[in-house]
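The working numbering puts the first residue of the sequence shown at 153, with every later residue one more than the last.
Hints listed in this document are in silico derivations from the structure and should not be mistaken for laboratory results. Misleading hints may appear alongside valid ones.
[Claimed, not checked] In silico BS3-like links for lysine-lysine, alpha-carbon gap of 25 Å or less:
1) Lys382 / Lys410
2) Lys368 / Lys154
3) Lys154 / Lys181
4) Lys368 / Lys382
5) Lys233 / Lys209
[To be verified] Cβ-Cβ distance ranges computed for the label pairs, FRET-style:
6) Glu242 / Lys440: 45 to 51 Å
7) Leu445 / Arg250: 25 to 31 Å
8) Tyr269 / Gly378: 23 to 29 Å
9) Ser163 / Ala296: 30 to 36 Å
10) Lys181 / Pro354: 45 to 51 Å
Every value quoted in this text rests on a predicted model; they were computed, and no experiment measured them. Note that the Cβ used here is the ideal one computed from N, Cα and C, for glycine as well.
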Amino acid sequence: MKLGISNYSFSKYQRATGCSMKDLCDLTKKIGFDVIDFTQNAAMDATIAENPIATAKELRAYCAELGLEIGAYTVGADFFKAVEDGAFAEQLLDELFRQVDFAEALGVHKMRHDLGYSLPEGTDWRPIVEKMAPMVRKVTDYAASKGIATCSENHGLFFQEPERMEAMFAAVGSDNYGWLVDIGNFMCADVDPIEGVRHAIPYVKHAHVKDFLYFKSEELEITPEGGFFKNRYGNLLRGTVLGHGVVPVIECIRMLRKGGYDDVFTLEFEGAEENLPAIEASYAYMRKIQAYLEEKN
């Protein structure tokens with residue numbers, strides 16, 4: 153079990169300080185994480201637009217010097233739009249192939265891409281999945297030729313339910329394509345995280361850990377301020393320090409490990425708390441979980 157963090161977790165700190173990706177690598181190592189995951193906006197460094205492959209290799213070399221492993225690379229994608237627009241579909245596939253090339257230069261063996269974000273109310277999702285699947289298969293086949301597995305995450309206001317993710321994996325039908333399971337995102341569709349993780353175990357390629365505060369909308373006479381958002385069913389969520397919310401973090405990690413996944417668990421912090429103290433507290437909790445589970449084993 154390795155403990156990682158996504159550079160996305162430092163978003164507020166990065167906006168406030170203007171620090172570089174290398175600065176975030178230094179900070180990640182200083183806090184104590186074993187692994188860093190890069191998101192597509194890791195390309196925030198101006199050089200990436202000019203020479204992405206050189207930038208990826210530079211980041212890879214810098215992390216190697218620090219003794220910091222790069223766990224995964226995550227990118228956006230809107231296959232919903234691609235289903236409706238053939239010209240956009242060609243552009244999307246070309247872009248994702250370029251992102252695979254970037255992941256290869258970065259030295260990672262896992263790349264997550266999004267599936268889509270939202271559909272018009274009342275749209276039947278099943279035919280959409282069947283239409284998306286051949287394009288997703290092309291991406292994972294290309295990635296496989298580079299030694300990279302691809303995965304998608306239960307997020308995006310549409311794919312939080314386990315059955316929708318499972319339908320996608322069945323439609324794509326490739327062992328090289330699987331699930332980046334985010335233990336918190338199930339709550340965006342009022343799915344019990346333990347039930348969601350149970351469904352994810354056969355497909356898991358990578359794992360995100362996060363925590364949420366959660367309130368039923370009918371329980372609140374006035375909606376609180378400060379980072380809350382509504383899930384698909386109108387209930388309120390707010391990211392928080394790992395261990396401070398209602399996500400059963402320990403049990404989800406235990407289930408994944410017992411199910412055969414014992415690789416990187418990546419913190420994705422998106423809470424309203426002050427950024428660095430919250431990340432440090434989340435890291436300390438992750439280390440406690442790691443020690444606790446290893447002692448129990």
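Here is how each hint holds up against the structure:
no. : hint                        : result
1   : Lys382 / Lys410             : violated (33 Å)
2   : Lys368 / Lys154             : violated (34 Å)
3   : Lys154 / Lys181             : holds (13 Å)
4   : Lys368 / Lys382             : holds (10 Å)
5   : Lys233 / Lys209             : violated (32 Å)
6   : Glu242 / Lys440: 45 to 51 Å : holds (48 Å)
7   : Leu445 / Arg250: 25 to 31 Å : violated (39 Å)
8   : Tyr269 / Gly378: 23 to 29 Å : holds (24 Å)
9   : Ser163 / Ala296: 30 to 36 Å : holds (31 Å)
10  : Lys181 / Pro354: 45 to 51 Å : violated (34 Å)
Of the numbered hints listed earlier, those contradicted by the structure are 1, 2, 5, 7 and 10.
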